[in-house]
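**Student:** Take these sequences, add in the hints, and give me the full structure.
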Amino acid sequence: MIELRGVTLTYPNGTRALDDIDLSIGKADFVFLVGHSGTGKSSLLKLLYRECLPNSGEVTVDNIRVDTLRRSKVPALRRNIGVVFQDFKLLPNKTVWENVAFALQVTGARSKDVMRQVPRCLDLVGLSHKSRMLPGELSGGEQQRAAIARALVNNPKILLCDEPTGNLDPSNTTEIIELLQRINLKGTTILVATHNQAVVDRMRRRVVRLENGRILHDDERGYYFRGLGQSPILSG
Amino acid sequence: MQLTAVGTVAVTIVMLGTFLYVRDTVASFGSGILKQIEIAVYLNDNVDDTQAAAIQAKIAGDPRVTSVRYIPRKEGLREMRERLGKDFDTSLLTANPLPNGFRVQVGNADDVPAVAASIGRIHGVAKADYAADTVTKLLHAAAVLGRIGLAMIALLIATAAIIIANTIRLTVFARRREIAIMQLVGATNMYIRMPFIAEGIVAGVLGAVVAIAVLAIAQAQIIPKIAATLAFLPLHVNGLQLAGELLLTGAAVGLVASWFSVGRYLRV
Numbered sequence: 001m002i003e004l005r006g007v008t009l010t011y012p013n014g015t016r017a018l019d020d021i022d023l024s025i026g027k028a029d030f031v032f033l034v035g036h037s038g039t040g041k042s043s044l045l046k047l048l049y050r051e052c053l054p055n056s057g058e059v060t061v062d063n064i065r066v067d068t069l070r071r072s073k074v075p076a077l078r079r080n081i082g083v084v085f086q087d088f089k090l091l092p093n094k095t096v097w098e099n100v101a102f103a104l105q106v107t108g109a110r111s112k113d114v115m116r117q118v119p120r121c122l123d124l125v126g127l128s129h130k131s132r133m134l135p136g137e138l139s140g141g142e143q144q145r146a147a148i149a150r151a152l153v154n155n156p157k158i159l160l161c162d163e164p165t166g167n168l169d170p171s172n173t174t175e176i177i178e179l180l181q182r183i184n185l186k187g188t189t190i191l192v193a194t195h196n197q198a199v200v201d202r203m204r205r206r207v208v209r210l211e212n213g214r215i216l217h218d219d220e221r222g223y224y225f226r227g228l229g230q231s232p233i234l235s236g
Numbered sequence: 001m002q003l004t005a006v007g008t009v010a011v012t013i014v015m016l017g018t019f020l021y022v023r024d025t026v027a028s029f030g031s032g033i034l035k036q037i038e039i040a041v042y043l044n045d046n047v048d049d050t051q052a053a054a055i056q057a058k059i060a061g062d063p064r065v066t067s068v069r070y071i072p073r074k075e076g077l078r079e080m081r082e083r084l085g086k087d088f089d090t091s092l093l094t095a096n097p098l099p100n101g102f103r104v105q106v107g108n109a110d111d112v113p114a115v116a117a118s119i120g121r122i123h124g125v126a127k128a129d130y131a132a133d134t135v136t137k138l139l140h141a142a143a144v145l146g147r148i149g150l151a152m153i154a155l156l157i158a159t160a161a162i163i164i165a166n167t168i169r170l171t172v173f174a175r176r177r178e179i180a181i182m183q184l185v186g187a188t189n190m191y192i193r194m195p196f197i198a199e200g201i202v203a204g205v206l207g208a209v210v211a212i213a214v215l216a217i218a219q220a221q222i223i224p225k226i227a228a229t230l231a232f233l234p235l236h237v238n239g240l241q242l243a244g245e246l247l248l249t250g251a252a253v254g255l256v257a258s259w260f261s262v263g264r265y266l267r268v
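First to last, the sequence lines map onto chains A and H. Just so you know, the working numbering puts the end of the first sequence at 236, numbered straight through with nothing missing. Just so you know, the working numbering puts the end of the second sequence at 268, numbered straight through with nothing missing.
If you are wondering where the hints come from, they were derived from the structure by calculation, not from laboratory data. Careful: at least some of the hints might be erroneous.
What follows is a set of in silico ranges between Cβ atoms, one per label pair, in the way DEER data are often shown [as the list claims (entries may be wrong)]:
#	chain 1	residue 1	chain 2	residue 2	range
1	H	LEU3	A	ASP62	40 to 50 Å
2	A	ALA76	H	GLY146	44 to 54 Å
3	A	ASP113	H	ILE148	52 to 62 Å
Chain H is faced by these chain A residues, among others (derived, beta-carbon under 8 Å) [what the hints assert, rightly or not]:
#	residue
4	ARG78
5	ARG79
6	VAL83
7	LYS89
8	ALA103
9	VAL106
10	THR107
11	ASN154
12	ILE183
13	GLY187
A virtual CB, placed ideally from N, CA and C, is assigned to each residue, including glycine.
**Tutor:** Here it is as structure tokens:
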């Protein structure tokens, strides 16, 4: 589903964000991308939805070569990729329903589809009863669920999450991760960039650790820190 | 914020409209004069009627010539009397000093010198005369005026375009979060552009409508006064056509300006 081959990304200021990355993620995989701030996690996600282009190497998403994709084809690519951010990026003057519907409407969807898809997604994230509320009236966790509903409304094959729980307390964090797990079970490939050791260690999914723009290790059923095992504080 | 754009477009288009109006008036005044310019052809005295007819046919055969009128010497004298009136006592003349001739009109004033020269070379023609100085000066003035006009129009339109572009840029900036999300979820650039372009066109058209209203009022108030003092000016500019042109200009300026100002935000 996602293939990176020898990908190098250097920012205009000379910083090397990613250095010769090889990574392969299969369909319906659930992968954590971990590492310190500034190790290239966000940059890697941006390459996938073509927010930026690599200096060298190949980026393939769902059999589409993203690095050579014509600009006019970018919208089609992005309809296949849902993206969720730490700061939710909801429109503050639109209701939850409108925020979710907006993502569908701007792709030119028919109102019949909007009326069908929006309730489905709100139901999936458990926000049906708050669909008429504005983002400012919701808790952080609810806002993130609204953002996930928006990311899912186009039925993407891939969901990219950039620090999805960075602004949330532990109980909201659990809620969001469980939601991502449910979405994953329906066959959506999920890639989560995170700092949250507790989440990674509890989930025991594939963990890719980036350091200084390189992949330090890549473990099936891994931990946040390799070899340390589950943190004693969090066990139980 | 929109008001600024509409207002500036209105002011610009009022200036543009005034300019076009003046230019049209001068142009139709000028072409009126140019149309009146004739080539006076005088024949040699020994040319008989058959030869004169042949010469007339030859002149009329030139595609640039629109009309050739035969002026027998008697009519020439009568015309001269009419033109000079009391200043010239024709009764002093013992004989008609004028030769037979033609009055030749040319479709395009630019061609007058060339046509006159070629008529002058025809056997039997004594002289082909025209108001050389007036024609060349008028042609030159018309050309210069046209060029100044084009430059002025370009400047005015550029001003309006820049102001619309800046206004739209403000709107785009205010809605950059929405635009970012639209791009993220896969809206096409065309879809994102559309509302801003519509806004630009509306600003341009509204400005033009205001300007046309102002111009119409000005025309109703001012033109009769000018017409009273300067009766020779042809003040019958086609108002509807001018209004249409100004509307189209407003819309086009709005379209182009907004297209570019949104485009800068759509780069990936």
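**Student:** Please flag the earlier hints that this structure goes against, numbers listed from lowest up.
**Tutor:** Violated hints: 12 and 13; rest satisfied.
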